[in-house]
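Novice: Since chain A is already given, all that's left is putting chain B on it; use the hints.
Listed below are the residues making up each chain.
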Amino acid sequence: MTFFHFGNCLALAYGPYFLTYKYSGMTEYGAFWKCVQVGGMYLLVQLCKMLLLATFFPTLDGPLEASGLFTELVKTTVDFGDVMGMSVVLSRVPGAGHIKVLITGLGWAAADLLLTRALPLWVGARGLEFDWKYIQISLDANISLVHHLNLALLVWLWWRVDLAPPVRPIAAVLLAGCVYRPLLPQVLALLLGSQPAGFTLLAANATTTLCTALIASHMFITHTCG
Amino acid sequence: MWSDQELVEVLRSSVPYCLVVALPLLLLLSPVPVDAAAEFTVYRLQQYDLHGSAHGSRSSLVNVEARSLDAGSVGRRCVLARLVDLTPSHYHRLVTQGAAALLILLPANITALTEEHHMLVREVEAAMLEADTQMAVYLAHETQELLHIYESVRTATNTDSATSAAAALMSSLSTDGYQIVVGGSQSKLVPDMTIANIQGKLSGYGVEEQLPTIAIVAHYDAFGAAPELAWGADSNGSGVVVLLELARILSRLYASPRTHPRLNLAFLLSGGGYINYQGSKRFLEDHLDASDSPLLSETYYTLCLDTLGSGDALRLHVSKRPKETSPGHSFYQALEEEGSKAGLVVEMVHRKINLQEDTQAWEHEKYSMRRLPAFTLSRLQGPKTGERGSILDTRDTIDVAALTRNTEVVASALLRHIYNTSVDGIFDNGLAVSEKSILSWLDLITSQPRSPQLLSGKNSPLVTTLHQILSRYTNEARITYLKADKRDPEWVFYDVTRASMAAYAVKPAAFDFLLTLGILAYLGVIYVFLQYFPKLYVMMVRLASPHKTKAH
Numbered sequence: 001m002t003f004f005h006f007g008n009c010l011a012l013a014y015g016p017y018f019l020t021y022k023y024s025g026m027t028e029y030g031a032f033w034k035c036v037q038v039g040g041m042y043l044l045v046q047l048c049k050m051l052l053l054a055t056f057f058p059t060l061d062g063p064l065e066a067s068g069l070f071t072e073l074v075k076t077t078v079d080f081g082d083v084m085g086m087s088v089v090l091s092r093v094p095g096a097g098h099i100k101v102l103i104t105g106l107g108w109a110a111a112d113l114l115l116t117r118a119l120p121l122w123v124g125a126r127g128l129e130f131d132w133k134y135i136q137i138s139l140d141a142n143i144s145l146v147h148h149l150n151l152a153l154l155v156w157l158w159w160r161v162d163l164a165p166p167v168r169p170i171a172a173v174l175l176a177g178c179v180y181r182p183l184l185p186q187v188l189a190l191l192l193g194s195q196p197a198g199f200t201l202l203a204a205n206a207t208t209t210l211c212t213a214l215i216a217s218h219m220f221i222t223h224t225c226g
Numbered sequence: 227m228w229s230d231q232e233l234v235e236v237l238r239s240s241v242p243y244c245l246v247v248a249l250p251l252l253l254l255l256s257p258v259p260v261d262a263a264a265e266f267t268v269y270r271l272q273q274y275d276l277h278g279s280a281h282g283s284r285s286s287l288v289n290v291e292a293r294s295l296d297a298g299s300v301g302r303r304c305v306l307a308r309l310v311d312l313t314p315s316h317y318h319r320l321v322t323q324g325a326a327a328l329l330i331l332l333p334a335n336i337t338a339l340t341e342e343h344h345m346l347v348r349e350v351e352a353a354m355l356e357a358d359t360q361m362a363v364y365l366a367h368e369t370q371e372l373l374h375i376y377e378s379v380r381t382a383t384n385t386d387s388a389t390s391a392a393a394a395l396m397s398s399l400s401t402d403g404y405q406i407v408v409g410g411s412q413s414k415l416v417p418d419m420t421i422a423n424i425q426g427k428l429s430g431y432g433v434e435e436q437l438p439t440i441a442i443v444a445h446y447d448a449f450g451a452a453p454e455l456a457w458g459a460d461s462n463g464s465g466v467v468v469l470l471e472l473a474r475i476l477s478r479l480y481a482s483p484r485t486h487p488r489l490n491l492a493f494l495l496s497g498g499g500y501i502n503y504q505g506s507k508r509f510l511e512d513h514l515d516a517s518d519s520p521l522l523s524e525t526y527y528t529l530c531l532d533t534l535g536s537g538d539a540l541r542l543h544v545s546k547r548p549k550e551t552s553p554g555h556s557f558y559q560a561l562e563e564e565g566s567k568a569g570l571v572v573e574m575v576h577r578k579i580n581l582q583e584d585t586q587a588w589e590h591e592k593y594s595m596r597r598l599p600a601f602t603l604s605r606l607q608g609p610k611t612g613e614r615g616s617i618l619d620t621r622d623t624i625d626v627a628a629l630t631r632n633t634e635v636v637a638s639a640l641l642r643h644i645y646n647t648s649v650d651g652i653f654d655n656g657l658a659v660s661e662k663s664i665l666s667w668l669d670l671i672t673s674q675p676r677s678p679q680l681l682s683g684k685n686s687p688l689v690t691t692l693h694q695i696l697s698r699y700t701n702e703a704r705i706t707y708l709k710a711d712k713r714d715p716e717w718v719f720y721d722v723t724r725a726s727m728a729a730y731a732v733k734p735a736a737f738d739f740l741l742t743l744g745i746l747a748y749l750g751v752i753y754v755f756l757q758y759f760p761k762l763y764v765m766m767v768r769l770a771s772p773h774k775t776k777a778h
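So the protein lines, in turn, are chains A and B. For the first sequence, my numbering begins at 1 and goes up steadily by one. For the second sequence, my numbering begins at 227 and goes up steadily by one.
So here's chain A without its partners, still in its complex pose (with noise of 0.2 angstroms):
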């Protein structure tokens, strides 16, 4: 709409990260250049997952309808990647184990800002046309803050030798829950037979991150103070 418009889209998506980064303990640990290594990491496991889906799915620009929802779980088991990707940093980032994550996530997280939701603000939200789609992106980009949070704590679980043996079962659950996060809202089109857009699949993304970050917390806090 206007240059004023665009600041309060990256004030609102960028604002978590910086306030996160700052006031969670990780200043004083110097672990700014950390996450700009961990960014690093996170486009090479992109190129990867390129590389990999271009080799199998070529089709790729191909009606959107058409694809089924098998087709679309296969593209996503890709994301898999990922938590390989964050494994590796997780095992190479140095210090405790809370610092590790916030590091792995956070670098995971803000590469992944930059890269997919920068240019669409900047090239979208300073036009004429005024649209909430922008001000969605900007709140998605914060549940993807708490979503890569998760997933590094997840992974970061997965490889304690220590875990208690229930609890490994329902990481794993949750860790696939995670990765398979992208077909949300054509699960959701199945159960309720129309896919909701906009602030509902918004708040729908934002309740099971949420639920799951809970669960992964009361997981982590069970295994540190055990």
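Since the hints were made in silico from the structure, they are not lab data.
The calculated label-pair distances, taken between Cβ atoms and stated as ranges, are:
| hint | chain 1 | residue 1 | chain 2 | residue 2 | range |
| --- | --- | --- | --- | --- | --- |
| 1 | A | Leu-192 | B | Asp-311 | 40 to 46 angstroms |
| 2 | B | Gln-360 | A | Lys-22 | 52 to 58 angstroms |
| 3 | A | Leu-192 | B | Gln-360 | 51 to 57 angstroms |
| 4 | B | Asp-296 | A | Ala-176 | 54 to 60 angstroms |
A quick note: this is a predicted structure, and the numbers were derived from the prediction, not measured. A virtual CB, placed ideally from N, CA and C, is assigned to each residue, including glycine.
Specialist: Positioned in the frame of chain A, the structure of chain B alone reads:
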């Protein structure tokens, strides 16, 4: 490798400065994206000068917010109005309040309006064309998209009068405002505009110079609020149709030695009929003032055809009643007889030429002023009924049966006068007026809008086709192009007859401010959450601990 403190320090100190330079540069370099909510074709109001006075809309650029007609203040806004809601007083109010633009929505089926609406539309058209205004005026056909915008603007306008600022702000959250944009360049003079006269003649039997002449004239241009909507099917498409049909029939009679009359016929399709009959004026200058042209040296009369497309009456408009013995009178008598046979009302309407006025009302007045006997044949009672030169005058208003019958009456009256006998017998073997050819002429003449500026230039397809038709039926058919005087032009037209209008959904500035407050509050909540996270963490640990002891 993992902790390169120096590099971090360098980055940290230099990045802000880089940003200070790079961000403004990026802002300057990147174009503002222009995806519109809706884009549609709009037709601009006429813009022309005639006899030194300006008419129509002076402006073609728009970049303002939309308002509806009942908005309290319309200054520097674009007003959206439906054609049926608009009245001349509305229009004058918009002009005096300084509205930046007006967009008029035309109903999908414009001929289906009631007669009262037709009257109103004609009045509005007259009001718009009477004087000039700085306001940019556009017309557009109603579409679903456009109606949606119109409705949403109307609801938004109603909130202007909301009880409190808070209520207005709340409603602005749910409804969209619209920014109306027409880009391009400001309208300017049509360069080297020409108006074409197409003429042809049929020479009588004998020495051509010594024979009298009957001239048949119809102006072929059309007019209306918007040039692109000036289809002019009745005025003066019907006149052209009758003239072409007469040329077709008469050319056959002139070709046969048995029916070759001792009379010359001149056909003129004149241009610029709506700008004070410039075509006829030029035609008269060419043939009366130039001594070498004998065409009009001895004329019986000049018959101007104007608006004959429907109705049950034919009116012969004269500025001076023809004498009992004159050929004009005998043509009128022939017309009366043929008209009564076909069940038509035929009457003579006398109207003196008002020499005080700059413009002539009927085309024949141009000829009468040069002391040539002339009259206009029309179905209308007077020249200023508003039916001539309106955007309502479309192909659908033409009653083809009535037009055919009118043509028949005119043709037989003319032949009756020429041959001085009843002509019932000779309307055989393809000489009769046929509805088929009437239809084909009508299709041709209504194939494009015919406002003068749209027919300018030497390559206008319509003018070329009309010329080809006249050359088929008459001799020495030719086109003469007239131009306005360079230093003191009598008429001037401006371009940008159609444009692409974009409507962007926008929110008021107060909305952005509200959004900022909301975002700040949200960030504040996150800040507080992060600040208290350690405490929250301890609480969660406490909550989890008894659970854990139970589990183990």
